[in-house]
Structures are given as C-alpha cells and as structure tokens.
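Number of protein chains: 2
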Amino acid sequence: MTAYSRLEAVFRKSAAIGDALGVLQWDMATMMPDGGAEGRAEQMATLKGIAHETVTAPDMADLLAQAEGETLDGWERANLREMRREWVHAAAVPGDLVDALARAESACEMAWREARPAADFKRVLPALSDLLGLVRQVGAIKAEKLGVGIYDALLDQYEPEGRSAEIDAVFDPLEAFLPGFIEEALAAQARRPASVAPSGPFPTGQQKALGLKLMEMAGFDFHHGRLDVSRHPFCGGSPEDTRITTRYNEDDFASAMMGVLHETGHALYEFGLPKGRWRSQPVGRARGMVVHESQSLLMEMQACRSREFMTFAAPLIRDAFGGQGAAWEADNLYRRGIRVERGFIRVEADECTYPAHVIIRYRLEKALIEGRMELADLPGAWNEGYKRLLGITPPDDRLGCLQDIHWYGGSWGYFPTYTLGAMTAAQLFAAAQAADAEVLPAMGKGDFKPLLAWLRANVHGHGSSLSTRDLVTRATGRPLDPAVFEAHLRRRYLD
Amino acid sequence: MTAYSRLEAVFRKSAAIGDALGVLQWDMATMMPDGGAEGRAEQMATLKGIAHETVTAPDMADLLAQAEGETLDGWERANLREMRREWVHAAAVPGDLVDALARAESACEMAWREARPAADFKRVLPALSDLLGLVRQVGAIKAEKLGVGIYDALLDQYEPEGRSAEIDAVFDPLEAFLPGFIEEALAAQARRPASVAPSGPFPTGQQKALGLKLMEMAGFDFHHGRLDVSRHPFCGGSPEDTRITTRYNEDDFASAMMGVLHETGHALYEFGLPKGRWRSQPVGRARGMVVHESQSLLMEMQACRSREFMTFAAPLIRDAFGGQGAAWEADNLYRRGIRVERGFIRVEADECTYPAHVIIRYRLEKALIEGRMELADLPGAWNEGYKRLLGITPPDDRLGCLQDIHWYGGSWGYFPTYTLGAMTAAQLFAAAQAADAEVLPAMGKGDFKPLLAWLRANVHGHGSSLSTRDLVTRATGRPLDPAVFEAHLRRRYLD
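So the sequences go chain by chain: Y and F.
Using the working numbering, the letters of the first sequence map in sequence onto residues 688 to 1182.
Using the working numbering, the letters of the second sequence map in sequence onto residues 688 to 1182.
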C-alpha cells in the first residue's frame, strides 16, 4: 500500500466525521430543542477532537513526505497538495495554544454579546486584546510553515493561497472607484421614479412555497437537499445532502426570496463538486470562501437581480401572494431589488455600498494583525473609514465596530472573501454570457440550465484541483479584474 | 489518576459519539433526503467504528481489572459492572467475525425484502442459514465470556442479565393461561355492544395537535425533545434531547394517538435517568429493553387505555376533530381501545393476543439458537404454534414466519422483551396504585403527576444501577409475577 493511498484513507475518515458534524451543526440551528445545547457542544467537541487526531496522527508528516516521491496523476498530486495544506493548518499549532485560542474565542464572544447592545467597545477590549494576541501567535506559526506573511497565513484558512498583495491590487482601484460611483448611483436613482413596497403581510407558508419553486427552477435537487428555517441563514450538510436555511419576515418577502436564491447558489456549487473517489478527498471539496461566495452572489446578485429574471419572476411573485397593482409590476420589483442607500450595517448593505464595508474591515484587520495599529484606536479608525468611503459617521460603536461577530469570535482574515466573491461572481457571469449567448435571455424564461451547465464545467467540477487564481483565469481568460465588477455596477446602476 | 477515572473518560467519549449517532439516526428516519443515504451509511459506520475502537482499546482489560481493586462507592461499583458488560459485548468477538456478521445481516435482510412479498421462505433460507450460523458463533463466544448459555448470551445484548430460565418461569404459566383467556375475552366482548368507528378523515395537522397536547399533559418536556414523523415510529436521541416519532393515518386517529403516548412513555424514562456525572456513563443509561418497553406500555396500555383516562380524553378527542354523535362517547372510545381479535400479524395485535405472538417466537428462536431445531422446519413449527396458542393457521409465510424483520436483520434474543415489558408494566402500575391511591383517579383528570413521581423515584432514577430483577423486586415487592399481568387482563377484558 502506497503512502498516498494510506493518506486517502485518513482523509476519507476525516471527511465522514466532517459530514457528520455538518448534520449536527444543521440540526443545532434548525431542529434541536434548547435543552440539547450542552450535550450537542460535547458531541461536536468530541468529533472535532477525533477529526483533529485523525489528520495530525504522528505518522502524517512521514506519509506526506513519502507520497511526494510516489508516481501520482494530476488530481492525486493536487489532492496531496490540499492534504498538506489541511495538515499544516491542523498540526502547525501546539495543542495548548489551540485550547487557549478556543477559550479566548468563547470568552470574547460572550463579552461581545454584552458590549454590543451597550455600544461599549471598552467592555470587550480586554477580551479582544487577549484573543488578538493569540490569533497573532497562531498566524506567526502558520506564516513560518507556509512561508507567507502573517495576514496571508490567517487568510489561507478561509481562502487557500489567497494573498493580500493580490487583494490590494484589486481593492485599491475599487476603493478609488467607490465613493464617486456611489454618488453617481444615488443621483441616477433619484432621477428614476421611486420604487414602491408591495404591501404585506406575506405569510410564511406562501413565502416558503415561492422559495421552493424558485429553488427547483434554479436546479436545486431535492433528492439531495432541503430548505429549512434558522435564525442565521446558511448552507450546510454535505454535497449529497445539502441543507440550506432561511428566515421569514412577514413584512418583507424579498429578504427570504433573495436569501433562498443566495443559499441555492452555494448549494448548486456543492452539488456540482466532483463525485466518486474525490467526493471524500480534500481535492474534491469546494475551493474556498471566495469561490463559494462567488457562487451564491452570482445566483443572487448577477442572475436573479437582473431585469431579465425579475421580469420573468414578477408574475410568479404576484401569484404567490395574490398581489395586485403597480407595486407588483416587474419594473417596480426590479428597481426595489437594486435600491442603493448608504448605511452603517454591512449585512443590510446593497451591492454598491457593500464593498466599502468590506474594504474598511480588511484594512483595519490587516493593520491590527500586522501590529501597525492598536486595538484601542479601532473605533476611531473605523469611523474614519466610514466617513472617507461612505461619507457617514456611525453614531456609536453598536452601529460601528461592534456590529459583526467575526473578530470577536476569532475569524480574522475572513472579511475580504465577501467582496472578492462579489467581484469573482461578476467576472464569471460575464464570461458565461460571452461563452453562451443564451445565458441571460434564458433567465428571462426562468431557465437556469445554460448558466448551470457553464458553471458545472468551469467552476463546480474543478473542486479544489485549481487555485482560485487559476480557476478564474481559465474560466474567464484573465485574473480577477476590478474593471469587470465596476462595469457591472455602472451598467446596472447608472444606465 | 485511578484506573476507574480513566475508564469514566473512555465511556464519556463513547457516550458523546453514541449521542451523535442518535441524532444521525433520527435525521435519517425523519429529515434526510433519499440521496443522502449512502453518505449517511458511511458517516455512521465511521462513528460506530470509532466508538468500538474507543471501548475496546488494548489497555481496557487491564484498566477494568485494576479498577476492580480500587475503592469505589456503590454507583461507581455498578458503573464498573456495566462498563465490563459493554466491553465484553464489544471486545469478545474477533473483528473478522464482526465484519462477517454485518455482511450476513445485510445480505439476509435484502433477501428477506424480496422473499416476504413473495411469501417464499425458501428464497431467504440460504442467507438466513448463513446468518444464524454466525449468530450462533457469536453467541457461543459471548456465552463463554459471560458464563451463561448461548441463548442467554444473545439475550444479554438486549436485556442485561436476562436469563431464559426466568423467562420460562413466567412464560410457561402465561402460555397455559392465554388460550382459554382469549376465548373468554372474545365471549365477553361479544356480550357487550359492538364499538363503532368514529368516521374520518382525521387531518394530520389535527392529529398532531392532539398528540402534542397529550404529550405535554403526560409530562413530555419540549425543551428537551420533539415530535416528528417517520415510517417506523421510535424514540431516539439522548436523555436531554429525546426525539419521538409517529406516523399519521388519516382514516384512523387512534393509531397515532396511542403510538405517541407509547413513545412518550419511552421518552419520560429517558428524561428521568440520572443527570450530571452519570449521564454519560453506562450506569446512567436505561436498564435494558424490558424496562424500556415497560415504560412505553405502562403509558400506552396501563395508564392511557384505562377507562379513567379515556373518559377524560374523549371530549379532547371530540374537540380535536369536531366529532359528534355516539361514536365519540367515552364508553365507545374505551371499548374501541380494548378490542380483542385473533390475527396473524404481531404488530397489529391487541394486548390480549400479543403475548401469544411473542411466546411462539421465543420458543422457536431459542430452539434454533440451541440447535434443537432446523431452519427448514421453521414455517411448519411457526404455523403449529399459531394453531396451538391462537387457534388460527397463517395462509402463507408472508403472514407467518416472514412477517418480522428481527431474525433476518440479526436480532436474535430480542422478542421476549416485548412481553416481559408488558408484564413488568402491569406489575409496576399496580404497585404505583398501591403506593399512591391518587394515581388512577388522577388519570381521570388528565393529571399524570402522581404516576410520574412514582416512576421517577422507583424506576427512572435508578438508571442501570440495579438489574431489572432487583429493580422490579424493590419497586413492587416481588419478582416478576405472571399472576399480576393475568389479573390485569381479567379485570379489563372479562369484567
């Protein structure tokens, strides 16, 4: 038995445990009665510990080294590269530091849950300072093992081979573009007639029926997935059993409808990953957070907020809720779907202002991780960023630097993936249209097949065999280019 | 660190894995899309393998031996006894025999799924013969380790310390009692006015609402459990997150209603098991299948088919479905709940005839396991048993020895627990009434608290610290006595 095939067995086992964890996580968010929380935490900690032991067994370093010398085909070679990445991230950090980090994350998140409603950054500062110190220690260790800078080492956990130099190369021009563009978009919006909100209430059952209909249309396979309700929407489970969730607001059907389409984009990616032998191997998994987010945003922002799709969907939406009148016309619904507004809260932001929220966070977390900024200066620097990019100043830290859980829960290096995903979505959607002229007209008939076929061949089926950089270059003819995203924004918001 | 405390850590880990498996199992039966089956099988096999490795680690024999010599209190001592039992059942059988058994079970169950609809016992005979051979090998190995006979060694897997000599001591008189009693019960029934079926349909939503109301009344804690739908009803999950299921027949509300009460009995046992430290230890678990079945049957058969409870429940049932007329009167519903009929199918049998179905199976499986009978003679012996005990002869093997999955799936030594559970339920319910005169009158007010308080103190809270024998003797003043069950049947069916 080769070292390589022994490694495949190790990762098959860890994949089975990971899939089991996916079900437990989904159940916790959707089905579990509250009294099950403590036991569930114990179950998940036990399985995570076993998965960690599996991937960091003492013979893994030798097996990986031996396998490098064995004869492997292209996918096996790529699989070995991804195995090593997973091993480095799991094994690089000593156990006592991993434990200290987990405790600091939990303590800081608890402090944040009190500090946020009180808009009191000082209250969370000591816990956040401890946590950031440990995150930087982890980053430094991984940076050495990976041969990259400390920020890139953390980024690599979410976006394999992501590099901040490349992020800067696309965020710098975007940052220069945004303030003026947002100004123009708001002016263009003011020249158009104001959109009108269809009046509710919109019963949950009817919203769900509409969501299921759109999911089916988009190609969601209900033999391999489900739609349920959770407080924070997500796409979980595994490629052959993908579970998406949403939440319903009876005063606004659009949030769940677009949310379902967003998660459907994630699910279609999972469905389209390589099957068979690669299914349970690192190379068969989704590439990383940038490509994953590109798939959800391609569905939500590129395909389903298009005038073509909204024109098709308007009668379905009307029928779903028995709506009548001007508010239910396609043109009005389309304009409601692309409203622009400067706001303080990232998760409520529209397509035009969202990148500004992300760029601000990316600059700040990078400075903090690299030790170029003090945590005590975060609120001020945050507000300055909002003034500069969006022209608004948060009245307090609840609407400012306390709004997102990421940093307080230990996720540093995650934020840029949102906007990289949005830019990648625009570039992939443009390439799909260039490759098949039917892609956009078909959306006007509710036909997602041309789009899905292109995504299957050019994105989903690659799994993790290519880096994000190579995948985008092969699929679109060039690396990520901010001009494509900017052209999309201009076309949609200024024309 | 003592050997004993190291053992507690081992079993805490295996309990966490077992609880995770409980959620995966529940999800598979209630929520999982069909395309998830293969992946789920892989997940569950992986976790079962890890749990097995955990409990059979090479140092376990030494740890168990060392712990015997350490100073332990009563519960620790009982816990050590249960640890050893679990270890013997897990470690006694060599890995290749375990694998061969799993394959034979799977092959035989598949053959049975074809043979049953075709009523063709011969078709499954070769696979069943292979399976029985392996089951007997396993039984022989465990018999030696446990120092008991081969049948008792298999029985011990489901009913710890269950012994067929004691089963014979209660089944022999019951077998003598039943044929004449069934005759008398049918005659008594013929003298009463025939019961009338309330006319449906009974919408699923209304059945569910009624079920939830009755569960709450019985003391089901929805912070620690749920009710869902599955093809085969069960009680699963874990003590702090207990999931029961039912299935709804829109032509007959009583089957789901009584089914929900049955599973609620199982759930109340789980809720009442020792908390804290013992929660994750073998001594804190439910005692075995006999006590578990006694708790479901106590709820369904003893408490909820009583005239007192039916009188209370009739108006609730009427309101749930908007029923009107004589069919909805308490007396009619009570009489429908205690109809007696000789039939071929165990799972459709009533309280009076059910023990006959079980005793026939127990005699046959014991003879087969002990090598006193050939498999080829099973259909004939089966039909003879039905003729003798129930006075009816199955027209074919589909309605005969092919009806139950148990033997074909590898569960040998399980059947007697059903009727031992029914007898134990009668004896516990009688003791509860003797201890607290309010138990039965309270049922007439929908008040389960006196009953539950007695069960908590005398059954649930003991976990596995006592053997079933000792638990019954302490709770009722004597070992299991068929006279108590017979008296219950006479009172309900002949008076």
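Misleading hints may appear alongside valid ones.
Chain copies aren't distinguished; within one or between two, either way the pair holds.
[As the list claims (entries may be wrong)] Pairs of lysine-lysine residues, derived as BS3-like cross-links and limited to a Cα-Cα distance of at most 27 Å, are as follows:
id	residue 1	residue 2
1	Lys735	Lys962
2	Lys700	Lys895
3	Lys700	Lys735
4	Lys1136	Lys832
No lab work stands behind these hints, which were simulated from the structure alone.
Note that the structure is predicted; figures quoted are calculated from it, not measured.
How the hints compare with the structure:
1. For a Cα distance limit of 27 Å, the shortest separation of Lys735 from Lys962 qualifies both inside one copy, at 24 Å, and across copies, at 24 Å.
2. Proximity of Lys700 and Lys895 under a CA criterion of 27 Å is satisfied in neither setting, with 36 Å inside one chain copy and 40 Å between copies.
3. In the homo-oligomer, the alpha carbons of Lys700 and Lys735 lie at most 27 Å apart both inside one protomer (12 Å) and across protomers (12 Å), since each shortest distance falls under that limit.
4. In this homomeric assembly, Lys1136 and Lys832 never come within 27 Å of each other (Cα to Cα): the closest approach is 43 Å inside a single copy and 62 Å across copies.
When the structure is compared with the earlier hints, violations turn up for hints 2 and 4 and for no others.
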